[in-house]
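These are the residues of each chain, in order.
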Amino acid sequence: MQVFDSGNVAAATSVKLARVQVVAAYPITPQTPLTEKLSQYVDSQVMDAEYVAVESEHSAMAVCIGASSAGARAFTATSSHGLLYMAEQLHWTAGARLPMVMCVVNRAVGAPFSIWNDQQDSISQRDCGWIQLYASDHQEILDTVIKAYRLSERICIPVMVCYDGYYLSHTYMPYRVPEQSAVDAFLPPYTYRHTLGPEKPTSLNTVTLPGGRTDIHGNFAPGYMELRESLDSEMKKAVAIYSEIDAEYLDIAGRGGDPIVQCYLCDDAEYVAVALGSMGRQLHDVADGLREEGIKIGVLSLAMFRPFPADILRAQLSGRKALIVFEKAFSPGQSGALRSELQAALYGEASQPELFNYILGLGGRSYSSVDFRSSIIESIQRKPGETGRCEEIGWIGLGR
Amino acid sequence: MRDKTIQIRWHGRGGQGAITAAKIFAHAAFGADYPGVVMAPSFGTERRGAPVEVSLKISKARINDLCPIENPDVVVVLDDSILRDADVCKGIKPEGLLVINTARGKDVYEGNGKELRLATADVTRLAEEAGLKRGIVNTGIIGALAKALPIVPLQTLLDAIATEFGKARGPANVEAARLSHEHTRME
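If you read the protein sequences in the order shown, they are chains A and B.
Per my numbering, the first sequence starts with residue 1, numbered consecutively.
Per my numbering, the second sequence starts with residue 1001, numbered consecutively.
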């Protein structure tokens, strides 16, 4: 079925299709219409779930931790300060290895107060142990949430599905909704391996001493550091596992095939523009225009930021003349996180591209295809060898 | 880059129904062989009565640029009082089309030196004649736009309006659009 609706409604639809059992959320712009829709679904019994109206995002995540520990499929969504207010619980969820999906409707972070879009909220949480996926349109929002549950429940790591506030959350566009029966076949009911319940009381995530210890059977029991190491090594497997899950989804929904990076006009491209979220989609138009002028440019839209798919990026990007990295988030005093990580991934490659970094759209500052175009032209006109230094930022739209 | 996209910017006031009107038009366009349709209200907060904008892009191809419209082909104004509060024709393309609800005819907009095509209809009066409460203009303006920009068949739009408003409110809203369509003048 094809519908014409907002990105927030696409997200709510996917949560319903995933047969989520517990929703705990606190409304915050621009996520609000998503949680409103879910509360309507639950209230009208379109969705058989418990909707817990909490007093804060910290509690929303705490409820989801409890629900997931007790074996229920849990969901929450937030933006900006709501995500940051959850920060302590985000680390806990990942450390406790609880499957869960959360939508982050990307919004700027104060001060000063801003309700508009950028991606500083989710990027600032890149180290909390959650997988981070980015959608570039409504179809991807819907499909990604459903696939994210499969991924999360398979490897017991929580997943953020991030999408741009307003550009996607409040914009209407057409997208396809799969049949419930197809989603049911793809996403079976959730069972957690250590379900918490009164019939089998358990202490979870108790104080763990710095060193490992032997258990009562005399076997080595992993300590804190072993658990951290396994979070890293198992999260890294998510790249391959998510690709397998996507291939299965392609069979049931007819969509997918490039879940980690989406390359457009990249085959013979000397230059590649790289971005997360809805910018990747817009860059297609920009590349079309530059191609007409004979500039060999392609676009790589990154749909997974954690784990960082370094192997795939090296394979796609080594040997290009230059990469132009567009970001809606940055680390003050350094540069965009994506730019830094791309350079790290390419370090040591025989043929490293030049790297140029542009920051745009902070706090909802307007930008257009013309800005992307002029930044790309500015980059490719730099002298060979005059690579952008790692801390160099090109600011788009300052003074506008 | 995307010249074939028709960019329609709607200007109304918070609570006046510009978003609903654009959504109905978008739905109908989507159903009338325009697979690329993107509609977005002005980003941010809205106050009742304050000027609001809605961006509607319509294309035969997928639309990738989700930014608010800066250079519209068409500007739709839900009532002429907004002209005092907003520069509705900002960025409009040469030979662009301005569709406006007004009782004043072509004098309503002097053009600011721009070469525009102007379509007017007294939607406020026509909608009242159709049986709507005074001030409900968002369905009437759809009829005016359909006359000035005939890309979607009128009947498709009337059907979309009937679906949106249902049995109770549908007929008067459909009639408002039909009457406005009939009485729209290209100035």
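Among the hints, a few may not be true.
Only pairs whose alpha carbons sit at most 30 Å apart, straight line, appear in this in silico DSBU-like list of lysine-lysine [unchecked claim]: (1) LYS1093/B with LYS1060/B; (2) LYS1093/B with LYS1133/B; (3) LYS1093/B with LYS1147/B; (4) LYS296/A with LYS1004/B; (5) LYS1060/B with LYS296/A; (6) LYS1060/B with LYS1004/B.
Listing some non-contacts, in silico: residues in chain A with all C-beta distances to chain B over 12 Å [as the list claims (entries may be wrong)]: (7) ALA53; (8) GLY66; (9) ALA87; (10) GLU226; (11) ARG228.
No lab work stands behind these hints, which were simulated from the structure alone.
Glycine included, C-beta positions come from ideal geometry on N, C-alpha and C.
In terms of Cβ atoms, is chain B entirely out of 12 Å range of GLU226/A?
-> 45 Å, holds
Over 12 Å to the closest beta carbon of chain B is the bar; see if ALA53/A clears it.
-> 23 Å, holds
When you check the alpha-carbon spacing of LYS296/A and LYS1004/B, does it fall within 30 Å?
-> With Cα atoms ~23 Å apart, LYS296/A and LYS1004/B stay inside 30 Å; holds.
For the pair we were handed, LYS1060/B and LYS296/A, check the Cα-Cα distance against 30 Å.
-> The given pair, whose Cα atoms are some 26 Å apart, holds under the 30 Å limit.
Pair hint LYS1093/B and LYS1060/B, alpha-carbon separation not exceeding 30 Å | Holds, at roughly 20 Å.
Status of ARG228/A, Cβ more than 12 Å from any chain B Cβ = 39 Å, holds
ALA87/A and chain B, when compared Cβ to Cβ, separated by more than 12 Å = At about 26 Å from chain B, ALA87/A clears the 12 Å cut-off, so the statement holds.
Given the hint that LYS1060/B pairs with LYS1004/B, test it: the Cα-Cα distance must not exceed 30 Å.
-> Between LYS1060/B and LYS1004/B the Cα gap is close to 8 Å, so the pair holds against 30 Å.
Hey, LYS1093/B versus LYS1133/B, does the alpha-carbon distance stay inside 30 Å?
-> Cα-Cα ~35 Å, so violated.
Beyond 12 Å from every chain B Cβ: check whether that's true for GLY66/A.
-> Nearest chain B Cβ is 34 Å from GLY66/A, so the label holds.
Are LYS1093/B and LYS1147/B close enough, with their CA atoms no more than 30 Å apart?
-> Holds. LYS1093/B to LYS1147/B sits at ~20 Å (cutoff 30 Å).
Hint compliance for this structure: hint 2 is the single one not met.
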